[in-house]
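**Q** So the sequence lines, in the order shown, correspond to chains A and B. All the letters of the first sequence, read from the start, carry residue numbers 59 to 456 under the working numbering. All the letters of the second sequence, read from the start, carry residue numbers 59 to 456 under the working numbering.
It is worth saying that the hints were derived from the structure and are not from the lab. Honestly, I wouldn't trust all of these hints.
Just so you know, same-sequence chains aren't split out, so a pair can sit in one copy or run between any two.
[To be verified] The calculated lysine-lysine pairs, modelled on DSBU-like cross-linking and capped at a C-alpha distance of 30 Å, are:
| hint | residue 1 | residue 2 |
| --- | --- | --- |
| 1 | Lys97 | Lys126 |
| 2 | Lys67 | Lys97 |
| 3 | Lys67 | Lys450 |
Read off the chains here:
Number of protein chains: 2
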Amino acid sequence: MPIDFAATKALFHLPDGVIYLDGNSLGPMVKTAPARVEKAVSAEWGELLIRGWNLAGWMAQPRTLGDKVGRLIGAERGTVVLGDTLSIKVYQAVASALDMNPRRKVILSDSGNFPSDLYMAEGLCRTLGGQYRLRTVAPEEAMSAIDDTVAVVMLTEVDYRTGRRHHMADITARAHEMGALAVWDLAHSAGAIPVDLAAAKADFAVGCTYKYLNSGPGGPAFIYVAPRHSEVARPALSGWLGHEAPFAFDLTYRPGQGIDRMRVGTPAVFQMAALEAALEVWEGVDLHDVHRQSLRLQDQFIKGVESRAPMRQLATPRSHLMRGSQVSFRHPEGYAIMQALIAEGVIGDFRAPDILRFGFTPLYIDEDDVARAVNVLAKIMDYGSWDRPEFKLRAAVT
Amino acid sequence: MPIDFAATKALFHLPDGVIYLDGNSLGPMVKTAPARVEKAVSAEWGELLIRGWNLAGWMAQPRTLGDKVGRLIGAERGTVVLGDTLSIKVYQAVASALDMNPRRKVILSDSGNFPSDLYMAEGLCRTLGGQYRLRTVAPEEAMSAIDDTVAVVMLTEVDYRTGRRHHMADITARAHEMGALAVWDLAHSAGAIPVDLAAAKADFAVGCTYKYLNSGPGGPAFIYVAPRHSEVARPALSGWLGHEAPFAFDLTYRPGQGIDRMRVGTPAVFQMAALEAALEVWEGVDLHDVHRQSLRLQDQFIKGVESRAPMRQLATPRSHLMRGSQVSFRHPEGYAIMQALIAEGVIGDFRAPDILRFGFTPLYIDEDDVARAVNVLAKIMDYGSWDRPEFKLRAAVT
């Protein structure tokens, strides 16, 4: 049954007068989120107090929600757990993978990876000592750069700036052929495109929930460990909730069963509540349908912009097979143009040095929204109305 | 001006019929928390969307709230930042400290430290490689065990089970004398007892906010770095928000200024909102007054229990100088006794193998509460009403 996108759109709260093309950075709120969070605060924390850990299911939630996220990324049951931030989960995944491939010392990544992934890998190499190093190549060289020195290939499937998509199954196969493990960051994949971790034979995967999964600012991250590794992987961040028996309070660490060992500290209960509400939108939704509709919206936008509001260059590949859920254009005045757009209620974002990003999320964005966004951008470019001092002042966060 | 404890009590929501002696595990809700969190969800996320990072101050909050927490622990301005969980902050602090003392390979801790701290240190040693090790001694030997092999002394100031308090300034002085650095876990100190990190010359400190600071389940942790180390310390977990220029999206990591480098990933905005509300209770409150009143309540409880409901043994030191804000008793049937108490509305908690813990938090617990708690415990012990099968069934979380 095809998705009724008008019905899913009605599940989201979108501010009046806003066309939100930035769900690739922070997804909007589902209408049930405020009441769900309020319940976690007042009815659970307020009334149950410490008993909430059992009675309200707070302790189990990172696993139960993990299975719901798992369904959206082709993960086997019981292989995904929520918690911490994406940077922390990257560290755990890469550290575990390096530990499983001890003769090799190179982490291979690409320049399209989100910088925090690179920074965390750098910090891990430094902690592990001088022999380890991070090698960063251009995205189009990622596949060919996998050689027999590489311990771990660490890539983000969809480039945060250009929207360029790697072929996960092919790169993973190549990594395995060369004796390396593959860690995939699904920040721009989960909830955006069909992902099949099991079929791709990914070793580890990580991602965040506040983009396409709409869990709200600072929502928990997730980590996936392939079932074949789950009793072998050793989390470098070995916290008490990853212990085999957290409430025995033993003095020495024993890793928990399977994915549980990737838990670290106390879960953020209010953020989990918002995620729980947001995940209900996905029940029965097939990511193939979502991505197909996203590509339609993207094509509509690209065509409109190229004919009516030309930018310097389309940064996103034209091939549907190499696209995620966003479209990026380059323009030397990209920052000011984006500020002018936002002032008109069309929210996308800017990434240095010259990228304008637009996310196409069919659960709450439709053809009318895209047509209006094109109109607004065309007007701004026609009148040069981006060329004002107030649009050129850069804020701390953009 | 002395604290008006009746007035502070009125700021908290406590469920009907409950005497809450478990603020040392999870503090109760301040009455303003639900509206504050609701604002972060509906008015900020819902309406501002991505613009909330600037317009609602989400990005700055870990630092602004850090200064508020800092005031309660004697930290210099600009030396405390919030984020992640306590386990993650322990890892960062210990890794930074080891990095600053590279010739030595021993982390010294004690068996009264919270197990997650020990587990994180174990994981760090394993990651750093074979030369590093964690040495764990009895709490009363912690001071004398500091020798010239020790790189880092890692202790929790107040023992989570017994409530026994270390002398932070003396142990830190001894550590420095022997060429070691001191990392203090303030989980059971912050908001419970006067702490003066600057005067004690602590090198690093970490803590959580969901106990005595009442931020709610999964509230953010904090980390302190002494100003003399702030430009030297290198966080092993080097995430993008700890970068000198997070929004430049450089490919290589450069640590941020001072305490900012200890930030990792995106802050949990809803949890921060609850913390913000909770911290307002502390404005103008002096921890000396709070602790003095806590000791009065503790003494009242100890006297009541010893005369009317004898346990096997008081686990907490009798000396006021060696106490935090909790009182613990040992009893072989401690688990069942605690379940019977909870069934009667007196909430404390149990820690294996035989510890009953009771927290005395004068901001919302008064003499009447203590008298009633003693009465309930005396009744349970008199009638042996803990000796029922339903009280002996252990839940997953206790």
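**Q** None of the hints should be skipped; say for each whether it holds.
**A** Going through the hints against the structure:
Taking the shortest alpha-carbon separations for Lys97 and Lys126, both the intra-copy value of 21 Å and the inter-copy value of 27 Å come in at or below 30 Å. When the C-alpha separation of Lys67 and Lys97 is checked against a cutoff of 30 Å, the pair qualifies both within a copy, at 24 Å, and between copies, at 23 Å. In this homomeric assembly, Lys67 and Lys450 never come within 30 Å of each other (Cα to Cα): the closest approach is 33 Å inside a single copy and 50 Å across copies.
Violated hints amount to a single one, hint 3; each of the other numbered hints is respected by the structure.
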